[in-house]
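Asker: So in numbering that gives the first Met the number 0, spot 125 of the sequence shown is number 124, and the numbers just go up one at a time.
Wrong hints could be hidden among the right ones.
What the hints assert, rightly or not - Have a look at the derived ranges for each label pair, beta carbon to beta carbon:
#, residue 1, residue 2, range
1, D195, P43, 18 to 28 Å
2, E258, N32, 38 to 48 Å
3, E27, G141, 31 to 41 Å
Don't read these hints as lab results, they were simulated from the structure. Beta carbons are placed, not taken as given, at the ideal position from N, Cα and C, and that holds for glycine.
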Amino acid sequence: MTLLVTTLWSNFDFGECSGSGTFEQQIEYYDGNYENAVTVGSIPQGIEGLHVELISDNDVDIRLYAENEDKIVHWPYGLQSQATEQTKLYQNVPIKYSGYNGINGEKGDEFIEVLGVNPTTMTMTAFGYRAGYATVNYSWTGKENCTPSPSGTGSFTQTLQTNATSFVGTIPPNIHNVTITLTSSKDLDIQLYGEDATAIVSWNPIGLLSGAREQTIQYNGMDITWSGYNGIDNQKGHESIIITGMTSEMLVMKVYGYEAGEADVTYS
Numbered sequence: 000m001t002l003l004v005t006t007l008w009s010n011f012d013f014g015e016c017s018g019s020g021t022f023e024q025q026i027e028y029y030d031g032n033y034e035n036a037v038t039v040g041s042i043p044q045g046i047e048g049l050h051v052e053l054i055s056d057n058d059v060d061i062r063l064y065a066e067n068e069d070k071i072v073h074w075p076y077g078l079q080s081q082a083t084e085q086t087k088l089y090q091n092v093p094i095k096y097s098g099y100n101g102i103n104g105e106k107g108d109e110f111i112e113v114l115g116v117n118p119t120t121m122t123m124t125a126f127g128y129r130a131g132y133a134t135v136n137y138s139w140t141g142k143e144n145c146t147p148s149p150s151g152t153g154s155f156t157q158t159l160q161t162n163a164t165s166f167v168g169t170i171p172p173n174i175h176n177v178t179i180t181l182t183s184s185k186d187l188d189i190q191l192y193g194e195d196a197t198a199i200v201s202w203n204p205i206g207l208l209s210g211a212r213e214q215t216i217q218y219n220g221m222d223i224t225w226s227g228y229n230g231i232d233n234q235k236g237h238e239s240i241i242i243t244g245m246t247s248e249m250l251v252m253k254v255y256g257y258e259a260g261e262a263d264v265t266y267s
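Please construct the entire structure, taking both the sequences and the accompanying hints into account.
Answerer: What follows is the structure, encoded as structure tokens:
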């Protein structure tokens, strides 16, 4: 199993065969000029299973351009320019966009997904109705002509922020039997979201699994078990998610921290 581990960069970095990352992007006020957008980064041709999410306290619109300046996601002139989530083909590749009203109606929280192999170099920009910052979370499941490491286990350290949700990483589809454990001296809550932003595991907002003790749910063909927010053996700060069977879609994992600190993340 390969968990797509978060790496901090000031731009997209697609150096590995698969992975994920996060960075902060400054957003400028459009000031009446609808072409006044900041460049978030470039996405190379051949990237597979791309997911990019922008999260901001202010209203921000994602824009996505092809190498030939085709407006793939662009309000109001793009292939994708609607208020709500839709999937449309660009060069025979499905591209999903949350819509400018945002995920669950949260303007300032938008995503795009390329459901296949990126057919051309793309440029992402962000258009802001107010100046500020956005957190950019991104992941990809593969890259043309790239062979991933055979290792199916790993670990890393995740930073926790006080009373805040942090992006941990993504779990790609078609992976068998996943176990992820977070261990910290600080109280934390694991969150797991489906590719359509369904809260599968979450205490706040309330997810399909949200209780204090271990519980299991079948979701889109996956048996997902969460330790519960009281933790493994009632140790808060020690939580796990176990997915039995094959993952049927891209899953996004986050963690809510009640205090600043660190958590050890292990996956297999």
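Asker: If a hint holds in the structure, say so; if it does not, say that too.
Answerer: Here is how each hint holds up against the structure:
Remark: the range hint 18 to 28 Å for D195 to P43 is upheld by a beta-carbon distance near 26 Å. About 43 Å separates the C-beta atoms of E258 and N32, a value consistent with the hinted range of 38 to 48 Å. Between E27 and G141 the beta carbon distance is about 33 Å. The supplied range of 31 to 41 Å therefore holds.
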